[in-house]
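Enquirer: So the sequence lines, in the order shown, correspond to chains G and L.
The numbering of the first sequence is our numbering, which starts it at -10 and goes up by one.
The numbering of the second sequence is our numbering, which starts it at 339 and goes up by one.
By construction, these hints were calculated from the structure, which means they are not laboratory data.
Among these hints, one or two may not hold up.
Claimed, not checked - Here are the simulated lysine to aspartate or glutamate pairs, DMTMM-like style, with alpha carbons at most 25 Å apart:
(1) K475/L <-> E163/G
(2) K86/G <-> E400/L
(3) K159/G <-> D479/L
(4) K513/L <-> E525/L
(5) K39/G <-> E163/G
(6) K68/G <-> E163/G
(7) K500/L <-> E522/L
(8) K421/L <-> E163/G
(9) K159/G <-> E400/L
(10) K159/G <-> E506/L
(11) K159/G <-> E522/L
(12) K500/L <-> E163/G
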Amino acid sequence: MMATPRRIQSPKTARPSIGLMIFAIAYLVFLYLPVLFLPVFSLNDSAFIKFPLEGFTTRWYDEALSDQNMIAALMNSLKVGAISAVSATFLGLLAAKAVTRYRMRGAGTAMGVIMLPLFIPEIVLGISMVLLFDAVDLPLSLVTVTIGHIMLTVPFAMAVLIARMDGFDKSLEEASLDLGESAWMTFWRVTFPLVLPGIVSSLLLTFIVSFDEFLIAFFLGGTDMTLPVYIWSQLRFPAKLPSVLAMGALILVASCVLVVLAEWLRRRGVSDEAKKGAIGI
Amino acid sequence: MSKSSPATQDGYLRIEHVTKRFMGVTAVENANISIARGEFFSLLGPSGCGKTTLLRMIAGFEFPTEGAIYMDGQDMSAVPANKRPSNMVFQSYAIFPHLNVHDNIAYGLRRLRLSRREVNRRVEEALAMIHLPGLGKRRADQLSGGQRQRIALARALVNRPKVLLLDEPLGALDKKLRESMQLELRELQRSVGITFVFVTHDQEEALSMSDRIAVMFKGKVLQVASPRALYEAPNCREVADFIGSINFFEATVRGQEGGDVILEAAGLGTVRANLPAEHGFISPGARVIAAIRPEKILLLADGNGQPGQSAVGVIGAHAYLGDRDHLQVALSGRKEPVAVAAQQIERALTARFDSGQKVTLGWDKAAMLVLPG
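Just chain L, with the same shape it has in the complex (with noise of 0.2 Å):
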């Protein structure tokens, strides 16, 4: 389950004003993030955000051209990559090709100056972790890439570091193993309580396996939330647009009424929406935009809606995805069509949907987000 308490001040991995340029190109801008210890941190965005360079310069390969970064209360500012207390699984795994299993996972205890036999133990315990024992001997160029990227994770955690950095450590898995790699590494996390960053461009990947996601987009960090709240009270439109699907509505601010906001949406009429938890952008007359998940819209019988909560349209596109129909309502007033996600359920209690039926269309109002426009 996320832990819902944001970290404090004094997190255990700290990045702090950190912008960072190549050449007048800025890939990280003004990046403020607080990782608790322990914690399993994602760094989510579409390629070419920044979250790789934020990761590197976690890991001590790129420095900040402004800010620093703090771990476990250290300023890492001047502290190579090979001096910190993180570890990376990288995106290519990066096996050593001229070393066997064996000496790719011991690699880091060199420095250690253990005995033999302690480096042997452990390499084998790590192996274990990994669920695969007894493949030290195996040669670099014989592993399958779920072998090469267990085998990356060992190597890292071995040195038993105190921040795992994992760059898209599953995008080179076939869909199948990527979701058991998924279940697994979440398990491993719990288990070995290491803080882990790990770094994906799969919104459900990061969903499924973080305690809190930072959502980038363009050099910034937009958002910094739990699964949940990311999901449900994104802060902005880009956020609201990369993690699952939303229907926005060009709106304009009426006024307040008790705790809620009242909007003049297209194609929606007056809507009435629950207040956001930030909202020093709302003032009577202010342009916003108003968001709705496509399931969080019900199919009502005609004359069921609610003032401000309602909206009749007709049914235009109809997709049959067994667990569900995805359907595209055109509303008067508005040129794109509402998508709306129906599920099973709900579906067998209407009749069939056809196009150029008339619907009505029904939601909560907690469900109509109000973003900035």
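Same shape as in the complex, but just chain G (with noise of 0.2 Å):
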């Protein structure tokens, strides 16, 4: 799973101490290095992943995408992603109604079961999604994949979408029904317009939480393999590496822009409500 950046603040009044930003920079190198070998080794000269660098080269790139074992797995993750995606933003968006606009008895413990599958290690989700699909003969491909995704990633919709829907006013909705438009129309009108930046950030966090998982697509997957499930069954082979480290780099690049896209429209949707605060009453 991605580790999301987070900025980090010190009180203001502190002055930053020569020590902890020692430490920082220390932690930072410690977190990013590895991974910036990714992007380095993929483009050096040699089959073998090591120092010195030999010379600068593609071929690797090229390599990774003639690969037709590599792209067919990439296209499964992509498909994979995007109706996990779709699916549980989705059902995101139904939760995060239910849960802000309407008064429900038992909520609070719907809310956790619901967000329980953030809390259980994956390898138990794994398992025992294994043994639930064997037990109503459901055959492991991507769509038993999808299916653990879904359930996967249905929280982290729902993060995004109760705090975009708890974040505007609820008599906005009370008044499109007020001044004569049916429920639908209401949602169409003014609920969806509202929470479309928090529904396109769902959409790309769950992706990227769906393209990046390995252990429930390696689980679930019974002969289909998603990318990050051919990239592990390719590391047995030295001569692939390399080719390898290119469509990770490529992945990581993607995943940054997707994160920051992400995150970035979140923000621009949490200043417009500030903006409209600061305004307004």
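Mind assembling these two chains? They're in different frames, but the hints should get you there.
Expert: Put into structure tokens, the structure is as follows:
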């Protein structure tokens, strides 16, 4: 799973001490140096992953992109990711609407149960789902992986969407009803446009979670491989390693772009609200 | 001027035996109100008294646990908010942040499938009505509080509702703007002739704007009357206390004499008062409350007090307020001092008020209210 970058904030009054500064830099190096090896070695003109670097090449990228199995695995991952993201965001939206808009008995319990997959070790989830699908005679395939991923990503979608739904005045929806629109049209004319930044951010986040996920894909995939599972299977062949690094570097860049985009959208949504609040009442 | 005739059984908006409970808590209890067509009607009460819940039931956002609401003769019990002939101005104004002013005002017109030109004409008309012509292109986040309030009003009125509901619409505005909006709102109501139901906790606001007011307290409608009647003839201690300031005296009924009731009140002695309109609670020996407003108490020259309509006391605290003086007068036989508001005109005639000075208080017997104990 991706580590989401966080901003480290020191109390405004404290002066930065040299010691803390060194610690912070050491921490960042520890965190990101291994990740930087990926693009560095993927451009190194040698089949062996070791220093010193031999020279610059893009042949590993050519190799990676012409590996039919790798491309097939990538397509599988994109498919699973896209379907998981759309499904989880849709379910998350319904749940967020229910939690934020209705007086419900047991809303807290329901929330807890839905959020639970975040705290259950994935290996436990993976094994138990294998047992479940076996019991109901559902053959392991991309379908079962997708089901597992939807379950895993719904909590992420919910967290993002509940925050967004809570962020705007409930009387906006009431105003729409009051002005004669049905519940359905109110959703399309008011709720949806206001939640849209949250929906986009949820889609991106859940897609990334699914795309990067290994354990569940490994347990539930059967003979179908997603990209992480394929990459793992290729680690046994040293000659394949550089092209795996190249693919890894590409995914790294794509993931970073998506995370930044999702976060940017989320913040933009939040600051819109803040602005409204400041100028409003 | 207030319409003194109370709405009849065939009121335009009728609230009949309406009770609302939320998970065992009674928010509104057996409310009965009948509002006439074109009336400016206020629901007044402290926060938590159920006035907003009642308004939301009229709008259709909440449904009564018991009882029914009728608009123009139609039972609204099964009618959802979007099908009711009412529109609402929300406390937060609820201006759609993703739409500009024009689209906000035109929001409710979409269903009518009007031509674009007709929509534009109505929106322009509405903007002119609220004195904001040409503001249609303005984004929602570029509006001031006062503008938002007016646009919320225009957005509701453009649909030509039978009833306009207003939930503390002036509460978020500063004092000066609020006062000018009170006048403007009243003028607007008169010119459009739409029935207004106005929720507020501000008694001055309710008194100055309304044809009639329902005072609510702890979920109950205590009194429905014109502003004048509420102030001059409250029907219970809570209403008298909530509207304006007033002195209460524990009292016992001694008997009746002509049209008057004779009381024995703590600190005042024997007191004569007019028999209240509803006087079922008055019988010899009954515990009642005598009440009089501070400005209805006059300061008299010594010995000028009439029996049953005067008392002698000693001035305690004294506050000079420019147009009037506020005095606290201690009476023997009563712990709390009596509040007296002396107007400028009367004050000029009297000598200066000093603490410890002995004074005679007098009042008209019509000013002494008798309330159920």
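Enquirer: Now tell me, hint by hint, if it's right for this structure.
Expert: Going down the list of hints, with the structure as the test:
no.: 1; hint: K475/L <-> E163/G; in the structure: holds, 24 Å
no.: 2; hint: K86/G <-> E400/L; in the structure: holds, 18 Å
no.: 3; hint: K159/G <-> D479/L; in the structure: holds, 17 Å
no.: 4; hint: K513/L <-> E525/L; in the structure: holds, 19 Å
no.: 5; hint: K39/G <-> E163/G; in the structure: violated, 64 Å
no.: 6; hint: K68/G <-> E163/G; in the structure: violated, 38 Å
no.: 7; hint: K500/L <-> E522/L; in the structure: holds, 20 Å
no.: 8; hint: K421/L <-> E163/G; in the structure: holds, 13 Å
no.: 9; hint: K159/G <-> E400/L; in the structure: holds, 14 Å
no.: 10; hint: K159/G <-> E506/L; in the structure: holds, 17 Å
no.: 11; hint: K159/G <-> E522/L; in the structure: violated, 28 Å
no.: 12; hint: K500/L <-> E163/G; in the structure: holds, 18 Å
Taken one by one, the earlier hints fail for this structure at numbers 5, 6, 11, listed in ascending order.
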